[in-house]
Amino acid sequence: MPDSLLAQARAGDRSAFAALVRAHQGSVFSIGLRMLSRRDAAEDLAQDVFLQLYRKLDSIESLEHLGFWLRRVAANLAIDWLRRLPYSATRPLDEGAEVAAPQAEEDPLMSRELLRLLGELPPHPRAVMLLRYQEDRDVAEIAATLDMPVNTVKSHIKRSLTALRGRMIGAKLVDCEELP
Amino acid sequence: MNEDPANHFEDELRRRLRPVNAPEGFTDRLMAALPAQQKPVVVPFTPRVRPSSHPVGIPAALAASLLVAVLFGVRVADHRALVAEQTEQRKGLEASRKLMQALHVTSQKLDLAFEAVNNPPTAGDEENRS
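Chains as they are written, first to last, in our numbering: chain A, 1 to 180; chain B, 1 to 130.
The hints are simulated quantities; they were obtained by calculation from the structure and are not laboratory data.
Warning: the hint list may mix true and false statements.
As the list claims (entries may be wrong) - Residues on chain B that point at chain A, a partial pick, calculated with CB under 10 Å:
1) Ala6
2) Arg14
3) Arg16
4) Arg18
5) Val20
6) Asn21
7) Ala22
8) Phe26
9) Leu30
10) Met31
Stated by the list, open to error - Non-contacting residues of chain B with respect to chain A, defined by C-beta distances greater than 12 Å in every case (computed):
11) Ala63
12) Leu66
13) Gly73
14) Ala77
15) Lys91
16) Gln101
17) Asp111
18) Ala113
19) Asn118
Just so it is clear, CB atoms sit at the ideal spot from N, CA and C, and this is done for glycine as well.
Using the sequences and the accompanying hints, generate a full structural model.
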């Protein structure tokens with residue numbers, strides 16, 4: 001994606017802005033979906049994030065900054081929504097919630113169970129895990145994205161991995177030999 | 001092949017947590033929801049006619065009230081000074097009247113004394129008296 005696209009969008013070119021949205025909508029929507037566990041809420045969140053981006057385009061310095069900004073706003077907005085929503089308003093991903101292109105060798109049951117367990121993590125560790133494994137960000141960037149110390153990020157990752165592995169083994173979805 | 005099981009689980013997570021597609025038509029719905037114009041429109045400045053109820057009358061009303069208060073104060077002070085002056089005049093006239101009365105009485109007494117000294121009573125008068 002060329003840097004000129006950002007400049008064009010900043011100049012008021014709506015088609016350039018639409019191209020930026022298309023390039024990042026999957027990432028933003030996925031953060032919303034896996035944080036909020038609801039497709040309708042995830043779409044609302046993604047729309048809110050991109051509307052904020054439209055108003056703040058002048059403050060975006062580069063495409064790299066754009067990606068960071070979108071992840072930061074999406075993750076923090078989702079955490080904020082989870083704080084305000086009653087517990088019953090969120091639930092583990094239900095049927096048809098996940099639309100990732102399946103790969104031939106993947107076990108759909110394991111994928112669904114993994115996402116359900118991920119949805120049971122508290123908001124901050126959940127956001128850390130998504131930024132680490134969905135967005136493939138390093139701990140320093142995750143710390144900057146969520147405004148938390150690097151050691152806290154490491155701690156969340158370690159505890160969440162242990163918890164997820166333990167539950168997957170309990171559900172007999174991971175072999176015990178996989179444990180370190 | 002000696003693969004670390006912890007890394008294997010993390011790789012599995014990465015694989016299963018790939019971003020998913022946004023719902024179909026998401027971009028179109030978003031673009032329809034965008035405000036019509038991104039940049040603020042610069043509107044030329046045109047002075048507005050002040051409505052009659054504009055607060056500009058408040059300072060004038062305050063100034064008028066202050067003026068009335070000052071004039072009223074001056075008038076009250078003048079009235080008090082006039083009353084005091086009239087009281088002083090009344091007191092002065094009273095004192096003058098009393099003085100004149102005292103002088104009149106004194107004058108009468110002096111006349112009697114003068115007459116008694118210049119015209120002493122005779123013996124016949126004394127006998128007639130007794």
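Quick rundown of the hints versus the structure:
no.	hint	result
1	Ala6	holds, 5 Å
2	Arg14	holds, 5 Å
3	Arg16	holds, 5 Å
4	Arg18	holds, 6 Å
5	Val20	holds, 4 Å
6	Asn21	holds, 6 Å
7	Ala22	holds, 4 Å
8	Phe26	holds, 6 Å
9	Leu30	holds, 5 Å
10	Met31	holds, 6 Å
11	Ala63	holds, 47 Å
12	Leu66	holds, 50 Å
13	Gly73	holds, 60 Å
14	Ala77	holds, 66 Å
15	Lys91	holds, 86 Å
16	Gln101	holds, 102 Å
17	Asp111	holds, 117 Å
18	Ala113	holds, 118 Å
19	Asn118	holds, 127 Å
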